[in-house]
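We have chain A already, so just place chains B, C and D on it with the hints.
Spelled out, the chains give:
Number of protein chains: 4
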Amino acid sequence: MASNSFGLLFRVTTWGESHGPAIGCVVDGVPPRLALAESDIQPALDRRRPGTSRFVTQRRESDTVRILSGVFEGQTTGTPIALVIENEDARSRDYGPIKETYRPGHADFTYDAKYGIRDYRGGGRASARETAMRVAAGAIAQKILGDEVTIRGAVVQVGEHAVDRARWDWAETAENPFFCPDAAIVPAWEEALDTARKAGTSLGAIIEVEADGVPAGLGAPVYGKIDADLAAAMVGINAVKGVEIGAGFAAAAMSGDEIRMEGGQPRFLTNNAGGVLGGITTGQPVVVRFVVKSTSSIRTPRRTITAKGDETEVSTEGRHDPCVGIRAVPVGEAMMACVLADHLLRHRAQCG
Amino acid sequence: MASNSFGLLFRVTTWGESHGPAIGCVVDGVPPRLALAESDIQPALDRRRPGTSRFVTQRRESDTVRILSGVFEGQTTGTPIALVIENEDARSRDYGPIKETYRPGHADFTYDAKYGIRDYRGGGRASARETAMRVAAGAIAQKILGDEVTIRGAVVQVGEHAVDRARWDWAETAENPFFCPDAAIVPAWEEALDTARKAGTSLGAIIEVEADGVPAGLGAPVYGKIDADLAAAMVGINAVKGVEIGAGFAAAAMSGDEIRMEGGQPRFLTNNAGGVLGGITTGQPVVVRFVVKSTSSIRTPRRTITAKGDETEVSTEGRHDPCVGIRAVPVGEAMMACVLADHLLRHRAQCG
Amino acid sequence: MASNSFGLLFRVTTWGESHGPAIGCVVDGVPPRLALAESDIQPALDRRRPGTSRFVTQRRESDTVRILSGVFEGQTTGTPIALVIENEDARSRDYGPIKETYRPGHADFTYDAKYGIRDYRGGGRASARETAMRVAAGAIAQKILGDEVTIRGAVVQVGEHAVDRARWDWAETAENPFFCPDAAIVPAWEEALDTARKAGTSLGAIIEVEADGVPAGLGAPVYGKIDADLAAAMVGINAVKGVEIGAGFAAAAMSGDEIRMEGGQPRFLTNNAGGVLGGITTGQPVVVRFVVKSTSSIRTPRRTITAKGDETEVSTEGRHDPCVGIRAVPVGEAMMACVLADHLLRHRAQCG
Amino acid sequence: MASNSFGLLFRVTTWGESHGPAIGCVVDGVPPRLALAESDIQPALDRRRPGTSRFVTQRRESDTVRILSGVFEGQTTGTPIALVIENEDARSRDYGPIKETYRPGHADFTYDAKYGIRDYRGGGRASARETAMRVAAGAIAQKILGDEVTIRGAVVQVGEHAVDRARWDWAETAENPFFCPDAAIVPAWEEALDTARKAGTSLGAIIEVEADGVPAGLGAPVYGKIDADLAAAMVGINAVKGVEIGAGFAAAAMSGDEIRMEGGQPRFLTNNAGGVLGGITTGQPVVVRFVVKSTSSIRTPRRTITAKGDETEVSTEGRHDPCVGIRAVPVGEAMMACVLADHLLRHRAQCG
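Protein chains in written order, with the working numbering: chain A, 1 to 352; chain B, 1 to 352; chain C, 1 to 352; chain D, 1 to 352.
If we strip away everything but chain A, and leave its shape as in the complex, we get (with noise of 0.2 Å):
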């Protein structure tokens, strides 16, 4: 698959730097006749803006997005979808300093060690700007999927201040600047980000996407399965280092599950599985958890090299989140969205 692009039938391609004039996908693969404007996609874009919040970076963008193909008359007409954000707010002299100097934790020597060139302006194509288009297409999947099919997602984990599952409501996630579904905990996040804003360092996190009413039988056997495409995307978000699907990790201690009939449908008593087998939906909620790791845009010096192989210190003096984490999840949801919409199409095509 082409690097930057993401599917095989619901396909989106993106591009754009950060620093560059804007940012764009093309959407392919959508079926027609589908009610799409930009008010069906702003709204996501909305949810994941920086700057609402001291807990997320200050930049300031609209992000307001537009549909320049693909939609006639207020639907789809099947052809390709492009979608553009102009970039407004890219100061560009923010990263002079980061010109010749690589930091750690960055993409930045990455970059260079495979292209012997880089847009070193605010991360250029690294940068998680990026992931604003993979929010506006999460919102076309998101029509694909239809009413039936709802994607929620949450930070679990913030540092090492992990929520109680006891305590879990999913209103709250709504009603905080961390998509945290426990009440009790968002003191505990917002002293530890208020503590590493002003120690210019940050924290990682942790994020939950759970996907209800999916229907049983998408995914396929063996390289199609529909976990590997979710952890594909997940991993494929910046800074996320790890990804597990239902119990995860803990399934390594944990014994099986069990089935029974509910209103006439089977139910996974436990669903350690996280509505996946043999990388088949089982129709029970399909839920996926991936970590960030921290930003690695922090203003305490660190020990790093130059381009031209020498030792130095780096501190980077950008506006950046004291935890990206908390802007993943409406990424998380749309990546989750896009592999639900593209393995419905691949269901449809070869089971009718």
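Source of the hints: derived by calculation from the structure; they are not laboratory data. Note that the structure is a prediction, hence the values are computed from the model and not measured. This list has only true hints and no planted wrong ones.
One copy or any two copies: either way a pair holds, since identical chains are not told apart in the list.
As a list, the in silico DSBU-like pairs of lysine-lysine whose alpha-carbon atoms are at most 35 Å apart:
1) LYS198 / LYS308
2) LYS99 / LYS308
3) LYS143 / LYS99
Using the frame of chain A, we list chains B, C and D on its own:
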């Protein structure tokens, strides 16, 4: 990507059911003039083969691989390499009872939900037997990577018992039937597995695979990230429910890395990133970990339903592994090799 | 797309050399629960088989196909279908002389230029023998298309002798060894081919393939055009140097079509477009024509060079066709079936 | 392959409708550190631009291309290159009459048959306007090919009037508005086209594209044949109904080629194979020819049907080309460049 193919340029397509006449694969995109014979592939298969200790399934298969195309006078020709292994010991009689009854942790229900038909004999296409072809393909991938790249795997946890990393010794992995790098934990694993085997249950495991000598620059931004492809590769292995790159989920509570020069090369001091930044290799060891859930074929009766939707119980009398994770080590190594080889070719294409 | 695979959703991967132990293919993406047995495939292979008249190569092969996977109790399961044909009559001794000498119209030089190695026995991978697997895959594709879609082919020109379309009778194609729809031209073809055979030369041919009953709406705009895929499919057949859709090159001097209603369906009055407009089927017969150049294995000495770059002459003593175009008819029919089946699945995915 | 993308490693994705706000493309897989600016692309677009003579459509577009990503400080970065052209002169009023009526030779009916909706303004996605982005992508492809590879095209037939190859002079193609290499035929073309224009009809054309300096070894056996990809590329251009490689259909009545050494390199004496044998380049010029049918937008009334299935007549008052084939020359050149660049990268991947 087609459901039974893997990789973009180093492309593996597998076929075959557990109890059909044979299993096989086609490996396309292999560079020409590499020395290759069955004897390069067979040792990897022998490491994975069932029946090598009392802790793995007693199914008897010699798993003898034949090369049917793509090799001429001992060298690859650049045309597709077809490999085949005859199925020898496919006792269909073991599987009669589960013809109409779904094993809760298996793909029985989901295959039926998707296709409306399934080859119920031995798990059919969903059988771990398919992974033999991954191991075979991995041996070819290793030929492409060359001697500079060393890939090796170990089991780091069985059930609740994790290795002590302070005692890690790669040489130990060849000295016990568990690919265990910590000799001191072996007796605890033996006891846990014997207990499970007698009780007719099974245990999950966590496997770690490391690749040394991988050059910096492999991978690609955004949707061609090498760690996203590794995540898909590992989650695509049967019964895998989670994957980590480098520090993985522990990264939630970690701070960043630093770089120094060492022998003229950059060295990342912690390698918490697992050898990958921004989806591109750093030149440090690539480290991946994945969890294999407990075997779902167990002799303890479990509640389940039939294909007609009636509630019932099921237990499986077939020969199965008390811990399938053990045999997943060579499979994980092979998937690592396949992903690296694919990205080596992709990098050469774009960056010369 | 990988070099030895064809199709996006109905995906055929072939392998094997002319003089290796076997040739085979893997067909992925086949819908489940289609009745399928070797007896559905063998008749198509028998139509293509060498040795059926004095006008085609006398190589003796029973070309008996075996299904190794993907079919259970007489039905497709949705998993990959592996097919294999053993090579029986691979006389390597015929090909010694050309080990070091390039036949000018063959792929000998170009394979060496690309790979630096080639299996020179019988053309290796470049042999028309590979097309047997296309015919086998086409038989499976026809199962997907169902009885509504009828695909049939004919030879319309041999050397300089073209059929008279006024005398076209599809039934005639089964009555002569040339798939010729014009009984009156058959004696001229017999004479031309006998002359060529005795002179040790060969003749080219033009083949026409028509698909009736194809629904309107298959294909896609821009780069998924069904006629572009048909063009690639036909030019991908050995020795094909040109392809036409509908009126083809004659369209340069034609004016446009018109539409009337007939039996409640649109009918295009000329169908000069060959059943495709804007890359999408119109519901009219899909008509494709392609040219097969003269066989390059001939007994008349031709000037050429050796692998070392020395000038020399070459003639080939092996058993070959005086007109390979004849045997290309079932291959062209099969490629038509594969392209249509792929687009049928693609259409179902996007448009339901 | 996705319907609106082209190429495996050099991958072009286009978007946009004739009368939408803009058209654009994303070019992925471009090697890094190639010098690239809008001024490298604009001249190719200017060659294709409408309104340059009375023989092509009088639609006024400056077709000014902007690079939005993938280029930094004048060099490619290896990340996707987004190009956009604003639509300036989209007079929707011309197309009202055809909203409900199908033009017989256009994609009006088939788009409706497929999607149940179409952007009827100016042909929407099916408009030849999309080919501007192919030309732009081709200019980038040429950068990859470098100065050694020269690609040039010519119109060799308009209506019934073919050039005399004995008078072929590439320099002439820049001296007349037809890309005609035979000065002596130009007056006949002028007359034929003026006649067609006045009569409100149009003429088809045949275009030939040649690439010199292509190294031997590009392409791949079986389904990755470079001539199959060229065939798909050319038939994928709007209104193309046939394609030939080298001698093409004339090969039916030809005998084989011969090889001599010349300047230390093999030379094929006739190059009837058009520079490709067995799907792989020979090092001789790659020669492709394709036919463009007559423009289907004509002012002469034609019998047709409405979207509701009523019989009627249609004629089109919009501004259109009396011979779209003329403007197809730069498009054919661009598609040649794209296919060659893709195979250059593919060859480098596999064969180093």
